[in-house]
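So the protein sequences, as listed, match chains G, D and B. Using our numbering, you'd call the opening residue of the first sequence number 1 and step up by one each time. Using our numbering, you'd call the opening residue of the second sequence number 1001 and step up by one each time. Using our numbering, you'd call the opening residue of the third sequence number 2001 and step up by one each time.
Just so you know, these hints were derived from the structure itself, not from any lab. Be aware that a few hints might be false.
Unchecked claim - What follows is a list of derived Cβ distance ranges for each label pair:
#, chain 1, residue 1, chain 2, residue 2, range
1, B, Lys2246, D, His1379, 50 to 60 Å
2, B, Glu2213, G, Thr137, 23 to 33 Å
3, B, Glu2052, G, Arg136, 41 to 51 Å
4, D, Asp1588, B, Arg2011, 45 to 55 Å
5, D, Ile1505, B, Glu2025, 22 to 32 Å
6, D, Glu1384, G, Arg136, 58 to 68 Å
7, D, Lys1489, B, Lys2023, 36 to 46 Å
8, B, Thr2101, G, Asn222, 31 to 41 Å
A virtual CB, placed ideally from N, CA and C, is assigned to each residue, including glycine.
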Amino acid sequence: MAQVVTSQRGPVTGTATQQRKKRPFLLDLYSTAVGKKYVMGLTGIAMMGFVLAHMIGNLKMYLGAAHLNEYAEFLKQLLVPIAPEGVVLWLLRGGLITFLLLHLHAAWSLTRLNRHARPVKYQSSRDYQIANFASRTMRWSGIIVLAFIFWHLADLTFGVANTIGTHGVFVKAEVYDNVVRSFQRVPVAIFYVVANILLGIHLFHGAWSIFQSLGWNNPRFNTWRRAFATGFAAVVVLGNVSFPIAVMAGIVG
Amino acid sequence: MTLTEELFAKNTVKLDSKIPDGPVADKWDNYKENMKLVNPNNKRKFKIIVVGTGLAGASAAATLAELGYQVDAFTFHDSARRAHSIAAQGGINGAKNYKGDGDSVYRLFYDTVKGGDFRSREANVHRLAQVSVDIIDQMVAQGVPFAREYGGLLDNRSFGGAQVSRTFYARGQTGQQLLLGAYQQFSRQVGLGGINLYNRSELIDIVVIDGRASGIVVRDLVTGEITSHAAHAVVLATGGYGNAFFLSTNAMACNVTAAWRAHRKGALFANPCYTQIHPTCIPQSDDSQSKLTLMSESLRNDGRVWVPTNPNETRQARDIPEEERDYYLERLYPSFGNLAPRDISSRAAKRLVDKGQGVGPKKNGVYLDFSEAIERLGHDVVQERYGNLFEMYERIAGENPYETPMRIYPASHYTMGGLWVDYELQTNIPGLYAAGEANFSDHGANRLGASALMQGLSDGYFVLPYTIGNGLAPLLGKSMPGIDHPEFKAAEEAARERFNAYLAINGTKSPDYFHRELGKIIWDYCGMERTEEGLKKALELLPALYQEFKTDLRVTGDGDNMNQTLEKAGRVDDFFQLGMLMCRDALDRKESCGGHFRSEYQTDEGEALRDDENYCHVAAWQWGGDPMTPNLNVEPLEFEAVHLATRSYK
Amino acid sequence: MSNHLKNITLRIWRQAGPAAKGKFETHVVDEITDEASFLEMLDILNDKLVTEGKEAVVFDHDCREGICGTCSLMIDGQAHGPQRGTATCQLHMRQFKSNDTITIEPWRASAFPIIKDLMVDRSAFDRIIESGGYITSETGGAPDANLIPISKIVSDAAMDSAACIGCGACVAACPNGAANLFTGAKIAHLSRLPQGQAERYSRVEAMVETMDEKFGSCTNHGECEAACPKEISIDVIALMNKDFRKAKFANRKDLARK
Ligand SMILES: Cc1cc2nc3c(=O)[nH]c(=O)nc-3n(C[C@H](O)[C@H](O)[C@H](O)COP(=O)(O)OP(=O)(O)OC[C@H]3O[C@@H](n4cnc5c(N)ncnc54)[C@H](O)[C@@H]3O)c2cc1C
Ligand code: HEM
Ligand code: HEM
Ligand code: SF4
Ligand code: F3S
Ligand code: FES
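In isolation and in its complexed conformation, chain G is listed as follows:
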C-alpha cells in the first residue's frame, strides 16, 4: 500500500524571499526595471540640466557675435589654469555622452521588456484615459532627438555638415557665423524647430515622470509636478526654437 507522503515540503520557518546573490551595486540596481528607471531619471535630469544651460548660453546670440564667441571660448577656458584648456569641457562632454548612452540603453531594454509583456495586442481599439501623446511617444521623440544631436554635432561642433548647401568656410571659433550660416538654410532651420518641439514633448512627460521614477512623491508637491514639467519643456522649446526663427527673420545675422 503506497504511503501518501509524496511531496517534500519546504522549511518550516524562515522567509520565502530567497537569499539574493551579491552583485556590484550598480549592476544589481540596473538589473531590475525599477532600477533602470532610476538610471533613466538621473541621466534624464543631467541632460535636462544641459539643455537648459545650453539654451541660456545660446541666448548670448542676441547680444551679438562677440558675446557668443566669447562664451564658447569661456567654456574651453573652464577651470584654467587648474586644469589645462578644454579638459573640463571634455569631461562634461564625456559625461553627457555616457548619460545619453545609458539613457538610450535603458530605454531600449525597457521597451523590449514591455513588448514581451504584451505579445498579443488588444484586438479592438483602446480608449486611453490618462496616457497622452507625449507619454506614448517617448521612444520616438527620444530617437528623433538623438538623430538631431548627431546632425547638430556634425553641423555646429565639427562643422562637417555646416557648409552643405551653402558656401563659406566653417571656423570653429566663429560660433556665431556658423549658427547663422547653418540656419539660413531653410530646411535645416525647419528641422531644428521640429526636433526641438519633439524634445519639448519628450520633456513634457519626462520632467513629470522623473518624480514618480525616483520616488519623489511628497503629496504636498504632487500638484506642482505637472506645472514644473510643462514650464520646463516650454522654456527649453521657446528658447531653442527662437534661434532658427530669429536667423530666418533676419533679427540675428
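We have chain G; now place chains D and B with the ligands onto it with these hints.
Quick look at chains D and B with the ligands alone, frame taken from chain G:
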C-alpha cells in the same frame, strides 16, 4: 418520554460530541491539557488536505503548514484570495472589552447562545468566545488595517443582537481585509513549499476507506481532468449553501457540493433548515436578476427603518410627514430598536411588505433612512462610516442614499446548518473535518452579526491545529491507502460518469433555469416563514422538478476544457438533493426557533415559539440512498451555563 | 425609474483555448432593462446560447459586489468599462444607450494567459504575493492588538492601498503591461504599518524582482489608476520605487554585516 429522547433512541449512527469534562469555561483548557501531540519532526510525515481557502480554509492551511504538516490546499477559485469570505462587510466580534462597556468572554458566549435561540452547543460557543480575543491580535499582527480612533487604538461598533460595542471593522471591507491577511499568511507557506496549492480545482467526491476519510477526487476546471489525492486527514472549509435559494447575497459560485458529497459518503448533515435571511439587502429590481447585494448590517447603527403607514402611499419618502411613518422596529423592540437580531427584523419587514406597506417601484422593500443621522453627525461623519456602502448602493439602485432613504429587503445570506461535527470539528467520519460555514457548529438556529468571520478564523487558527494533531498522533507509522487503491479508482470512475451524464441528457433547459426554479420553490416554502402544507407542497414540487432536471437538462460544450455550464450542472444537482433535505428538516421541526419560523408555532405577538421539551436537539441527517429518504439522528442539547429562556429583545 | 435599452450589439472575443486562435463573435441583445448589471446581460445571453445548443461565453466572475476581483473584462477599450472606480460586475446598463455596439475582450498580457474566451489566468499576482507580500507572524505569537497604537491617518492610508482587489485591471490597462500598481499597493499597505517594518526592505526587493520576471515596466502612463476599481493612486508606485532604492542600500548593509 420527550420526542428528543424517543428520536435519540432510534439513532442510526452513534453521535459522540466528545465534549470535554469540567465547567464550560474550563472545557477548552482541559482539552488542550489532555490532548495527544505530534512531535515536530513527525509532523512532516503527515499530509493534510484542506479544501477551501476562505477564512477557515486559508487560516487552517497556513497554521498547519507553519506547524510542519504537509498541506495540499484546493479551491475552485482562480486564487486563494477570491473566496466568498472576501465579501463580508460589517465586521468581526472579539470579546476584548476595549470600550470598557462591560463586555467579556462570558457575555459574548451568552449573546451567541441566546442569539442562536438556544439551539447551539454550549461548549463550542464558549470556546469560540474565548479564542475571539486571540483572533483580533493575530489579524492585527498580520497588518489588517482595522479602523482606529485618533488616539491610535482600535475602534469598535455595535452589531445586531448585542448591547456592547465589540465589533472590529475595516471600513465596509472587513471580510476582504481579514481574508487578505489569512491569504498572505497562506501565500507565505505556498512560497516556502509548506502548502501545495491546487487552484481552479473542484472537489467532486470524498473517498472513505475502512470507515476513514482517505482522500478526495477533484476535477481540474481548466482541463476537465479528474484526479485523486490521498491524505491522513481531510478538512472541508467549503462555505455555506445559501445559493440553494438561487437569489442570495452569496457569491455566484458558492455551492454545497463538497459538503453534500461528504454527506452522500456517510457524513451527517445537521440542521439544514437553519438558514439566515438578512434584513438589509437591496430589493430585487427585475426578474432577470441573478444576485442580491447585501447592505452591511452596520448601517442599522445609524439608519432608521420605517415604512409609510398608508399602504397606498404615493409621495416621495422625504415628503411623508413623521406621523405617517411607522418606525416599526423601534416601536416593537424598544430596547434593541433598529439593532434587533436578523431573523426578527427580517420577519417584521416581510409582514409589512405582505400587508402592502412596501416601498419602491415593486413595493418590495422598506426604507432605511439616514436623514436623522446626517443631521446628528453631519454628512462627513456618515460618509466616513458608510461612504463606500452608499456608493455601492447608488451604483446598483441608481439612487443617492444621502438624499433619498435606501430601500432594503431581506434576502438569503447565511446558513447555520452544515456538516455535523463534534467538539473537535470532526464529522462522524474519522479523518474528515469541517470548518467555517460548512459545519453546523456554533450558531444554533440564528447567527449574530460579525460572528461568522470570528468562527471561520477560530476554527482555522485556533481549533483545528490542535484537534487534528490529536487525531493524527495515533496514526504515526501506520501506512495509509494511496491513490492506487481501488476505492479511489471507483470514485474517479463514478465522477466521470456523473459529468458525462449531464452532457448526454441533451435536453432543452440550462442549469441556470433549473437553479432559478429550484430557488423559487425553496424561497416560497422554506424561506422566512414556513408552514406544514407549504413544506409538504415543496416536497412534491422538488422531486418533480428534479426529475425534469435529469431528463431535460441541456449542457453544451464538452467535459475536457473550461466549461462553466457543466460546473453549474453538477452544483445544481447537489442543490436539488439538499433542497429536499432542507424542506424535510423544516417539516419535521415542529417549532419556531431563530431562522426557522413555522407560522403554526408563534406567540400572540407573532414571535418565534420554541418547544424546548421536544426539539432542544440537533437534527443530524444521514444519507438514505435517495434524497427523499434520509435517516434522522438527534444530538440532545444540554444547557448548563445559560438557562433556557424565551428570547426577548423588547 | 427603470426603462429599457433596445438592440444592443455585442462584439465578444471567443477563443477555444490558450493556444487556439480567437475571433470576435457578434450577438444582439434585443431588449434589456437598465436596472440589469452588465454581467446579468451576459447571463441572459449565455442562457439563450445554451438553450440554442451553442457554447456559453466563458467569463470570470463571483461576488458581483466589486470586492473579490474575479470579474475582468475589457469593455470598449477600457478595463472594467466606462464607469470610473467601478468593477465590471458593478457596471450597470444605465451606462449604455439603445443601439450601442459594445466590444468585449479579455485582459491581454503575457503574464495573464487566456484560458478560454474572456477568462484569463492571473496566478502571476499570487506569485508576487508569495515572494514577500505578507507580514510574517505565525499563528499564536501575536501581542495584544492595542499594544502598538497606529495613527488613524497612517492606518487609513494603509487601508486605501490594502483595498486592492487583485483584479488585474491595472496590468490590462497599462500600455506596458506593468503590474506596478498592484505590487505598489501591497507594498504601500504593509510598509506603512509598524508591523510591516521588520521585513520592509527584504519584501520590496523580493516583490519587485518577482514582478520583473513576469510583467512590463512602468513608464508612468497613469492608465492603471484610471482603470483601478478601487481608485488606488499611482503614488503607491512612487512609494515602491522609493522603498526599493532604500532597500538596495539597507539590504547591502545587512549583507555586509553578516
Ligand atoms: C455579503 C455577505 C456579507 C457578510 N458579512 C459578514 C460580516 O460582516 N461578518 C461576519 O462575521 N460574517 C459575514 N458574512 C458571513 C461570512 O462571510 C461567511 O460565513 C464566511 O466568510 C464563510 O467563510 P468560509 O471560510 O467558511 O467559507 P468561504 O469563504 O465561502 O470559502 C469557501 C472556500 O471553499 C472553496 N470551495 C467550496 N466548495 C469547493 C469545492 N467543491 N471544491 C473546491 N473548493 C471548494 C471555495 O473555493 C472557497 O475558497 C457575510 C456573508 C455574506 C454573503
Ligand atoms: C537618446 C535618445 C532618447 C531616447 C531613446 C529616450 C527615450 C526615453 C524613454 C523611452 C523614456 C521612458 C519614458 C518614461 O519613463 O517616462 C525616457 C524618459 C526620459 N527622458 Fe529620454 N530619451 C532620449 C533622450 C533624452 C534627452 C536628450 C533628454 C533630456 C534632454 C531626455 C529626458 C528624459 C527624461 C527626463 C525622462 C524621464 C525619466 C523618468 O521617467 O525617470 N531623454 N526617455
Ligand atoms: C536650436 C537651438 C540650438 C542651438 C542654436 C545650438 C547651438 C550650438 C552651438 C553653436 C554649438 C557649438 C558650440 C561650440 O562648438 O563651442 C552647440 C553644441 C552642442 N549642442 Fe547645441 N544648440 C541648440 C540646441 C541643442 C539641443 C536641443 C541639444 C541637445 C538635445 C544640443 C546639444 C549640443 C551638444 C551635445 C553640443 C556639443 C557641445 C560641445 O561640443 O561642447 N544643442 N550647440
Ligand atoms: S491595483 Fe486596482 S486595478 Fe490593480 S489589481 Fe488592485 S484593484 Fe485591480
Ligand atoms: S499605466 Fe502602466 S506605465 Fe505605470 S503608471 Fe500605470 S503602470
Ligand atoms: S465579481 Fe467580484 S469583483 Fe466583480
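Exercise. Would you list, in rising numerical order, the hints stated earlier that this structure does not obey?
Key: Result: hints 1 and 6 break, sorted rising.
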